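Trainee: Listed here are the chains, written in short residue letters.
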Amino acid sequence: MTAVQLRLGRTATLSGQGQRRAEGRAGGLLALPAAIYFGVFWLLPFLSAAYLSFTRYDLAGMPEWTGLDNYRKMVEDPGFWNSAQVTAAYTAGSVIPSIVLALAIAVPLSKPGRLNGVLRGLMMIPAVMPLVATSVVWRIIYADGGPANAVLGLAGLAPVSWLTDDGIALWALVIMVTWKHLGLFVIILTAGLQGLPPSVYEAAALDGAGPVRAFFSITVPLLRRTLLFVLVIAVVGSMQAFIPAFLLTGGGPAGATEVLPYYMWSNAFAFERMGYASAMAMVLLALLVVLSLVQFRFLRGGGDE
Amino acid sequence: MSRVLLPLVVAVMLLPVGVMAVVASAPEGGGAEFSLFANIAEMFAGGGFPVYFGNSLILSFGIGLLDVLFAGASGYALARLRFRGRKALFALVVVTLALSPTVVMVPVYVIVHQLGWIDTYQGMIVPSMISAFGVFLVRQFALGLPEELLLAARVDGAGEFRIFATIAVPLLRPALLTLFLLQFLTQWDNLLWPLLVANDPALWPLPVGISQLQTEIGYDIRLMTTAALVTAVPPIVVMFFLQRYYVAGLTLGGVKK
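These protein sequence lines are chains A and B, in that order.
Numbered according to the numbering used here, the first sequence terminates at residue 316, and the numbering increases by one at each position without gaps.
Numbered according to the numbering used here, the second sequence terminates at residue 261, and the numbering increases by one at each position without gaps.
Pulled out of the complex, with its shape left as it was, chain A reads as follows (with noise of 0.2 Å):
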């Protein structure tokens, strides 16, 4: 047999039961790991507290079934509808202002230019810094004698007790991580602007619209797809972010940094009440799939063209 003959041979084995065999083979011991870890560590602890939910459980002994009670006490348990409040507000109180800021940093700041460039780098500072590190350094800042107080005293204010006062507490954290988390919205908010059109712009100029005019009927639609992106991620990640209160409060004073997750970590690892977290953990899924639906439905209809 000649060397071509041989060449043909397998070639027609390519897409005949050998190759399919191949295939079959190679790609299940490759996926198989995978397969097993997705499978234990996140499908069957999904279906767990979906089950746990409807029992009470503290690891000692089985879970025992005690049907919907759980969420029974969760619409009677005022450190819930605390905790969902707190939720609320520092969701809201982070992701307004922090898109806002985003986006009146991010249309100068995606003009193409070498100092624009190092800007960019400079804010994605905060962003990259680990929590626990940014948490040493607000501690220092909001230190009885620290420099939050010293701004105020420049502004005239009288200095005040900014993680233990009951009223200033949340939003303490709140300025934290909208400072934490402007440099990464600046970023992907930029990398939309640069993809925007060049020729609208020139188009809207020509018939005499200010810059104020082009940026809310120009550059607000064609970027509506990547504000939504940034809104979900915003919205998502401070729904569970509680690791701000964890270090910086410990979820006081008296509840007052209590957000939702962190009611849930206590319930769970404080007080051992497992089948309660974790009705708490399926109320928490149920808001973020919403959430999820919605970015798809809009991600997929009408995008920036």
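In case anyone wonders, no lab produced these hints; they're calculated from the structure.
Please read these numbers as outputs of a predicted model, since none were measured by experiment.
The reader is advised that the hints may include incorrect statements.
Stated by the list, open to error - To give an idea of the chain B side of the interface with chain A (calculated C-beta under 10 Å), a few residues:
hint, residue
1, V21
2, V99
3, H117
4, P131
5, I167
6, L196
7, T229
8, A236
Yeah, the Cβ is synthetic: ideal placement off N, Cα and C, and Gly gets one too.
Mind docking chain B on chain A? Use the hints.
Mentor: Just chain B now, with coordinates in the frame of chain A:
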């Protein structure tokens, strides 16, 4: 106007970083001389910090490499190989993307507890070792590989594993590097899971060590801030040198190409 305003905005944003640098550079007992390196040396000389630092390296490198290995293999298989259960696995990955660690934290803890993995490295590593995001990223990238290259190797009689290792992996390098960086940085900053699993201070990574010391009364602010600075340096360096990969990974799917 923005030539003045933008640098000013960025300068204000960096003030907290400046606060960190100033406090971490202050000498012991107050004074004006620059003592950052002395403080770093003191931090690594004793106490828990060298241990925490080592554990952070173990977790970040370990999970980063495992993720590259397994998400790389399964992402490639999902994109380029026909095998039984492919659709089911892809559906599982998509469902996982929609879940969050917060939602499954309680049952995962129960599983780790029952496996007897509390206070072990595997208890900290295994539950986070493959990211759905990573599988998705590699799959998307692998879908774009030129079919001719794989076909040519098959014609030459190379087995599927060899094709994966010698042809696909080099071509997938940008996706794998992005994944490694993101996973490394995620784990470098991971506080909650190690905090739950590791009660033994000998197993603590930096975030747990710093957070635990921070709650002690009368902790040393200067050394703590030095530790915070040391923790913050690797991500900042990575971000500056590989900003393109970093942002591409973070914004995957969010911004139209």
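Trainee: Would you pick out the hints that fail for this structure and give their numbers low to high?
Mentor: none
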